[in-house]
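Sequences listed follow chains A and B, in order. Start counting the first sequence at 1; every next residue gets the next number (our numbering). Start counting the second sequence at 1001; every next residue gets the next number (our numbering).
Calculated from the structure, these hints are not laboratory results. Keep in mind that the hints are not guaranteed to be accurate.
[To be verified] So the derived label-pair ranges between C-beta atoms look like this:
| no. | chain 1 | residue 1 | chain 2 | residue 2 | range |
| --- | --- | --- | --- | --- | --- |
| 1 | B | R1060 | A | V117 | 32 to 42 Å |
| 2 | A | P22 | B | G1017 | 43 to 53 Å |
| 3 | B | E1176 | A | A26 | 19 to 29 Å |
| 4 | A | P22 | B | E1095 | 23 to 33 Å |
| 5 | A | R21 | B | Y1185 | 18 to 28 Å |
| 6 | B | E1008 | A | R21 | 22 to 32 Å |
| 7 | B | E1045 | A | R356 | 50 to 60 Å |
| 8 | A | R125 | B | E1008 | 33 to 43 Å |
| 9 | B | N1086 | A | E27 | 37 to 47 Å |
[Stated by the list, open to error] Pulled from the structure, derived: some chain A residues nowhere near chain B, Cβ distances all over 10 Å:
| no. | residue |
| --- | --- |
| 10 | G58 |
| 11 | L122 |
| 12 | R340 |
Just so you know, even glycine gets a beta-carbon here, dropped at the ideal spot from N, CA and C.
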Amino acid sequence: MAADCEPTRAQMLELIYGELRPEARAEVDAHVAGCAACRAEVKALESTRVLARRSLAGDQPPPRAHAAIMRAAAAARPAPAPAAAPVPKAAPREKPSAWAWLRGKWTLPTFATVGAVAVFVLASRIFLEPEKTYQRGREGLVPAEEVSAPHTVPPAAAPVPAPAEGGGAASAATVPEPPPSAKPAGASARKRRGAPAARADQPAMEAERAEAERGETGAELLAPPARRAAPPPAPEFAPAPPAAAGGQALDRADDEDRAAAPARNRSFAGAAPAPAPSPRAKAQAAKKAEAPDQETFAAPAASGAAAPPPRSAAARESPVARADRLFGQARWVEAAVAYRELLRDDPRNADAPRWRQRLTACEAAARAP
Amino acid sequence: MDGSRDDEQLLAAYRAGDVAAFEALLARYEKPIWSYLRRFVRHDEAAEDLLQEVFLRVVRDAQDAAAPGWKGQAKFSTWLYTIARNLCVDRSRREGIRRAASLDAASDDGDAPVSLHDRIPGTVRAADAVLADRQAAQRIDRAIAALPDDQREVFLMREVMELPFAEIATVVGASEPTVKSRMRYALEKLRSALADLAGEDGADTPESKGAG
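Chain B on its own, in the form it takes in the complex (with noise of 0.2 Å):
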């Protein structure tokens, strides 16, 4: 980890050849980009090859300083994160599959072992089978991915990319009011569809939600 030195500098650093410097910019956003690509479009596939055309437009952006990219006007994430949205807004008025099969379509018989939450790689992924059994992450991924897109996005870009609000407007394209209540009601839908599981850590009921 390179976290000594901040986004723009490793991107200098990597304009002067330093191909570490990339390395350490793409290990601190892959993961979020990621996350954001695979929850957004809801296909893997799909989402590895978005993943790869955003950093490789850093690529070719750092290649060309004439190229109509990231020029320090904003903060890097932001212009990151922007493409990453950008490519797949493109791609979903492309395929037209805003409305595409749920993360776990193909699982929702329970038997199969082939749900993506089954599929994500790495120690994290044992740590979250030991931390939510896998009826419950399957659960939320569903829930997730059922959020109308533009909720789902704003939910994605705050959890998963840490934006604040503001930033995510800018970044939508939208107003601060609109960004907070599309994040509103992505919360509540979540908060419904999982009401249940949250209620194990003595969470509200939809009853004492009245009560104040």
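With the rest of the complex left out, here is chain A (with noise of 0.2 Å):
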């Protein structure tokens, strides 16, 4: 190798893989053009590319690894599946179903959990803070007195024969009904009026004591705290909170808390689907993301509805389908002009390397003997 033949030496595989920059493109091509040996370790070089890339282009990736992957991508589809949320709703008015099922059990666990927070929020108040509880006690909960029980009883004491402690379900049933006649003569109508200035500043917190007191009384009353203490952060949920409320207004919201309470029930119940089936999906994924089975997934036909295999569609064919047939049935000739078409139709397309590819092979091809 002479001298001057040392900087186009040391840019050759620069200049065989067309990363020579422009401006020793052109000294390099000098060079080469002007000196047999160098041409020669061009065309060397080149020639066992060719060889190499023959080799190479003859590795396909197994279909059933690409079934397998495609059946996970499709399980694990990163977007919720439009399809789950109906079914749990029609679901639950036909019969006892899976989703009643699991909306039974969570929905327990979920009270049970608000309704804890609740009584501890209660014992606070009234523990922490003795001297008010007394004190509003003498201004307000009179009726509490007389009852001389924490157990103060509910607005629905008035116009319903108090059913005690043991009231359950019934007592809650009744309560909607005579709120306005009933409301004025309750109890905690009377408590809430009797000191409307003082606690005006409170209207949250009475509101949580009324409706804590009401809860204190047993199974009824687990499902109005779990309810109010779920949805805080929705205004939609949350009657009391607005400051200016006083009495009228906190009564108000007492009897839609009590009037929308079956449809918050069915809301919680509504909004309860949306989890569940994410963590099902997503287990789904793991499982096959964790071990994919290549048994199970040797059958794609089961990811066909969402994954539309373009490359089994043969019956339309395209430029691309075009060229690939004419490559794979040896016609070299044909499938050079095929290829050659499409890199000028489309020269920036991400198959294109692909394509130039080809067409070299084809050109080989249809010069050799």
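Starting from two chains that each stand alone, build the complex the way the hints lay out.
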């Protein structure tokens, strides 16, 4: 190798892989044109490349792996499947379904937790501020003293003979019916109006207490605090907070609270389906991801709906498919023409490197004896 | 083929629930990655597992935005090839098979029709069978498989994945001159191993090298 070949040899890789900078290109080209040894070197390296690429071009990914990957991709589709919501909605009305079971299973623990939190909050109010509690009892909770028990009679006590502590669901059912007439006579109405000015700045606290009082008496009361405590972030679920609300506003809020209870219950149930399918889908995906079962994945038909297989769409032959077919049939000249056309029409296509590669192969094959 | 959208758009579409976009990505990359994997690990079953693992990582990454995956800071292809390369390296370390038998070791006697090359399905394989005779194809496979790991991976990234040298350097974690040096060695080795095959085209001979 002559000394003046050295710069060219040093850039031989860039030359044959087309990475030579434009300013260096002219110089290298000029040298190669005039130097037989460098020309031979370029040709030898390119011939080696052609041979290697010819071999590498035969590597076809196994269809089984393709199918497995697509199944996993379809199963783990990132966006929640829209079909997941309607199914649980329709089911509960028909008969006790898996969804109803799931809801039942989750509702009680949720309510129990929220109820426990409510009791804790109430207890902390009472025991951490005993003086206030006592004073309020003097001012407004006269009926509570009469009853001489922490179980203050809820508003429902007036219209319906209070079923005491065992009232259960029956008392809850009767509450919404007579609210307007019952309220003014009711104990809670009286107690609220007893000291309106003093507590105007604490409506939320009072509402909390009043509801907690109602919540003390048993199983029925597990639900309301749960409904109330669960939705605080959502305005429509928090009737009490507005600071301007006086006693009447609170009463109205109470009524709405009760009246809205069934609806809320429904909406709570309706909200639940969303998280439910997600873990299941995730679990499936994770299972697939962890152990891609090649036996089960061997049948790609299952994911057909979600993943249209473009490679099987040979019916309407696209220019690309045609070129690939010609290539596959070893019709080199025609395939070369087809690939050349593809490259001319869409040189920036992501597939262009492959076309170029095949064009090179076709040309080599066409030249071969 | 979804050639109208780039990788990043396809990935975004898949993140929005478009499975066909994922298949377009898969169609775009599964062949080069498959070729790289099987030539790197020299074991088809292992390569098949790795191929699935590479794309399952894409799936998982798309599922979980908080996952430590592709965040748009690099080209998607670079990220994907880096996954493939790291899986290969991990496997090689784990299995200690960097010096395992070559692709066609079992068919050295020449009579067994079990060469991996023979098992490659599809029309392209048929085309290959016409392009080069079987013996030559086997020799090429063996020559590639016989390259040292660091040279082979650079060679495959350049020829199969068609990555520029600078990008290969990023994926492999080496400098660009190092990558080019490995590539040069790889080409020289292949050239001397396949000199007689290349000579059919009137290529140079070792003698002609010194004539400059």
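Hints versus structure:
no.: 1; hint: R1060(B) / V117(A): 32 to 42 Å; in the structure: 36 Å, holds
no.: 2; hint: P22(A) / G1017(B): 43 to 53 Å; in the structure: 44 Å, holds
no.: 3; hint: E1176(B) / A26(A): 19 to 29 Å; in the structure: 23 Å, holds
no.: 4; hint: P22(A) / E1095(B): 23 to 33 Å; in the structure: 45 Å, violated
no.: 5; hint: R21(A) / Y1185(B): 18 to 28 Å; in the structure: 23 Å, holds
no.: 6; hint: E1008(B) / R21(A): 22 to 32 Å; in the structure: 28 Å, holds
no.: 7; hint: E1045(B) / R356(A): 50 to 60 Å; in the structure: 32 Å, violated
no.: 8; hint: R125(A) / E1008(B): 33 to 43 Å; in the structure: 55 Å, violated
no.: 9; hint: N1086(B) / E27(A): 37 to 47 Å; in the structure: 39 Å, holds
no.: 10; hint: G58; in the structure: 4 Å, violated
no.: 11; hint: L122; in the structure: 38 Å, holds
no.: 12; hint: R340; in the structure: 17 Å, holds
The structure does not agree with the numbered hints 4, 7, 8, 10 stated previously, though it agrees with the rest.
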